[in-house]
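Those protein sequence lines, which keep their order, are chains A and B. Residues in the first sequence are numbered consecutively from 3, following the numbering used here. Residues in the second sequence are numbered consecutively from 23, following the numbering used here.
Simulated from the structure, these hints should not be mistaken for laboratory data. There may be inaccurate statements among the hints.
Simulated restraints, written as ranges between beta carbons of each label pair [what the hints assert, rightly or not]: (1) ARG188/B - SER30/A: 28 to 34 angstroms; (2) LEU116/B - LYS17/A: 20 to 26 angstroms; (3) PRO264/B - GLN121/A: 51 to 57 angstroms.
Simulated pairs of lysine-lysine, DSS-like, Cα-Cα distance not exceeding 27 angstroms [unchecked claim]: (4) LYS186/B - LYS154/A; (5) LYS58/A - LYS142/B; (6) LYS142/B - LYS310/B; (7) LYS142/B - LYS153/B.
For each residue, glycine too, the CB sits at the ideal point set by N, CA and C.
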Amino acid sequence: MRMLAVNNINVYYGKIHAIKDVSFEVKSGEIVALIGANGAGKSTILKTISGLLRSKTGSISFNNELITHTEAHKLIAKGMAHVPEGRRIFLQMTVMENLDMGAYIRKDNYKKDIESVFQRFPRLQERKNQIAGTLSGGEQQMLAMGRALMGKPSLLMLDEPSMGLAPILVDQIFGIIKELHESGTTILLVEQNAEKALAIADRAYVLESGKVAVSGTGKELAASDKIKKAYLGG
Amino acid sequence: MTEFFQTLVSGLSLGSIYALIALGYTMVYGIAKMLNFAHGDIIMVGAYAVITTVMISEAIPGIVAVVISVIVCVVLGVTIEFFAYRPLRKAPSLTVLITAIGVSYLLQNLALLIFGSEQKSFKLDFFDMIKPIYIGKVYINGITFLTLVVTVIIMIALTLFINKTRLGKAMRAVSEDKEAAELMGINVNRTITLTFAIGSALAAVASIFYGGAYTYIRPTTGSMPGIKAFTAAVFGGIGSIPGAMLGGILLGVIEKFAENAISQWSNAIVFVVLVIVLVVKPTGLLGKKINEKV
Numbered sequence: 003m004r005m006l007a008v009n010n011i012n013v014y015y016g017k018i019h020a021i022k023d024v025s026f027e028v029k030s031g032e033i034v035a036l037i038g039a040n041g042a043g044k045s046t047i048l049k050t051i052s053g054l055l056r057s058k059t060g061s062i063s064f065n066n067e068l069i070t071h072t073e074a075h076k077l078i079a080k081g082m083a084h085v086p087e088g089r090r091i092f093l094q095m096t097v098m099e100n101l102d103m104g105a106y107i108r109k110d111n112y113k114k115d116i117e118s119v120f121q122r123f124p125r126l127q128e129r130k131n132q133i134a135g136t137l138s139g140g141e142q143q144m145l146a147m148g149r150a151l152m153g154k155p156s157l158l159m160l161d162e163p164s165m166g167l168a169p170i171l172v173d174q175i176f177g178i179i180k181e182l183h184e185s186g187t188t189i190l191l192v193e194q195n196a197e198k199a200l201a202i203a204d205r206a207y208v209l210e211s212g213k214v215a216v217s218g219t220g221k222e223l224a225a226s227d228k229i230k231k232a233y234l235g236g
Numbered sequence: 023m024t025e026f027f028q029t030l031v032s033g034l035s036l037g038s039i040y041a042l043i044a045l046g047y048t049m050v051y052g053i054a055k056m057l058n059f060a061h062g063d064i065i066m067v068g069a070y071a072v073i074t075t076v077m078i079s080e081a082i083p084g085i086v087a088v089v090i091s092v093i094v095c096v097v098l099g100v101t102i103e104f105f106a107y108r109p110l111r112k113a114p115s116l117t118v119l120i121t122a123i124g125v126s127y128l129l130q131n132l133a134l135l136i137f138g139s140e141q142k143s144f145k146l147d148f149f150d151m152i153k154p155i156y157i158g159k160v161y162i163n164g165i166t167f168l169t170l171v172v173t174v175i176i177m178i179a180l181t182l183f184i185n186k187t188r189l190g191k192a193m194r195a196v197s198e199d200k201e202a203a204e205l206m207g208i209n210v211n212r213t214i215t216l217t218f219a220i221g222s223a224l225a226a227v228a229s230i231f232y233g234g235a236y237t238y239i240r241p242t243t244g245s246m247p248g249i250k251a252f253t254a255a256v257f258g259g260i261g262s263i264p265g266a267m268l269g270g271i272l273l274g275v276i277e278k279f280a281e282n283a284i285s286q287w288s289n290a291i292v293f294v295v296l297v298i299v300l301v302v303k304p305t306g307l308l309g310k311k312i313n314e315k316v
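So here's chain A without its partners, still in its complex pose:
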């Protein structure tokens, strides 16, 4: 089943044409990766899907509902969560308060979900009353992901989750993404670390200066000479 369909979007920053006629889709249960160099437009696409930016053309639909013009704050209730680039946790709030904000729209008792976030990220439990700004980069990424999970998303969009992390933490984060996927969450992953992303992705789209240059399954792309040369360091 098609969960997310992005159809022919064009996004501008003032006069700069950042996204050109991009179309792609994410099926329920998939991990789809958007890879490409810095500035190729990966983050812009995620921001457009989550309503922070608007496309001049085309449409975006989520679970067969048109969300092209839906306000950003209404999307989480529809089951979409976006972990933005640079984590963007609330640095002056505690870890617990950040998780509360992730559950902002929920009217039910979400204590159990906090427990399960803590089970997934034990470091967060140890630091639950600490101000988020004092966490390390890896812990902040965990908090950003935990916060997004509090909204019980069916689609989790992750923007550069490995950015600025030590290799051992990158492995850990990718391990968690896999686990989340296995537990039934559909994932749209934006990454510069193409090797890691292609290794776990069912399908991937390669972006070059705002356009989809190549697409295919993770395996196909990882094996392609062209992709290897351009993104996998040889």
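Take the given structure of chain A and dock chain B to it, following the hints.
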């Protein structure tokens, strides 16, 4: 010694008024990242709302006039935000600043048109109902006592609201990062409206105490306490709620002691203190410098 405490009491009372107004400046700055220079004039409107209500009929109790004044100010603050500031959400900050100054002149001139330029006496029935009290030899009149008590209650309530409630936390989230807050499902525009509403309600309360202390109002009544409260907010660290409380109280106390020592210099001394604080600690007393992690 009596004189010291007497001055301290009047300083605390004046400082409470500044603090209530400064909270409006600082909360709006924290959330909308703008300096709402029309905020001082909300006090003036609040005071006129009170005397107009009382003028309609002497039978209307003062407390009803206060409630009406709060409602008028909240509606006004929210309306100003909607029509004047919201369309400028993405405009350069200078544009917004000039708009705010424009709104301030608009309010003053509307008041001039409606109420005339002569000063009007400000009095409410419950001012005399509270009997003056003596602590030792220190005299505290009814309105001063009321100012101190109500301000303390409001500060505690506001602190609890901001730190403990869902909406209060949402306000903090919006003030830190609007986009991230939006992604959490927080309606940022509605949160900004709420902030203006709270700020304006506090200004209405401040107008009662200000009117009570100075007994007369005129269309420009809001400017001086407005600018002093803005100073207090900067003094305490703009954007910081405890900062506005502390800054307001300190400013009032400093002003009263300065007035006692060399009366005609009191305003100058207040601003010299501000300059010194800003030179030593540019973020204000409780302001935090945020180092963003990239």
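Going down the list of hints, with the structure as the test:
1. ARG188/B - SER30/A: 28 to 34 angstroms: Once the Cβ atoms are compared, 32 angstroms apart, the range 28 to 34 angstroms for SER30/A and ARG188/B holds.
2. LEU116/B - LYS17/A: 20 to 26 angstroms: holds, 23 angstroms
3. PRO264/B - GLN121/A: 51 to 57 angstroms: With a Cβ separation near 36 angstroms, PRO264/B and GLN121/A fall outside 51 to 57 angstroms, so the hint is violated.
4. LYS186/B - LYS154/A: The hint holds at about 23 angstroms.
5. LYS58/A - LYS142/B: Violated. LYS58/A to LYS142/B sits at ~56 angstroms, over the 27 angstroms cutoff.
6. LYS142/B - LYS310/B: violated, 42 angstroms
7. LYS142/B - LYS153/B: Between LYS142/B and LYS153/B the Cα gap is close to 25 angstroms, so the pair holds against 27 angstroms.
The structure fails hints 3, 5, 6 (numbered hints given earlier, in ascending order).
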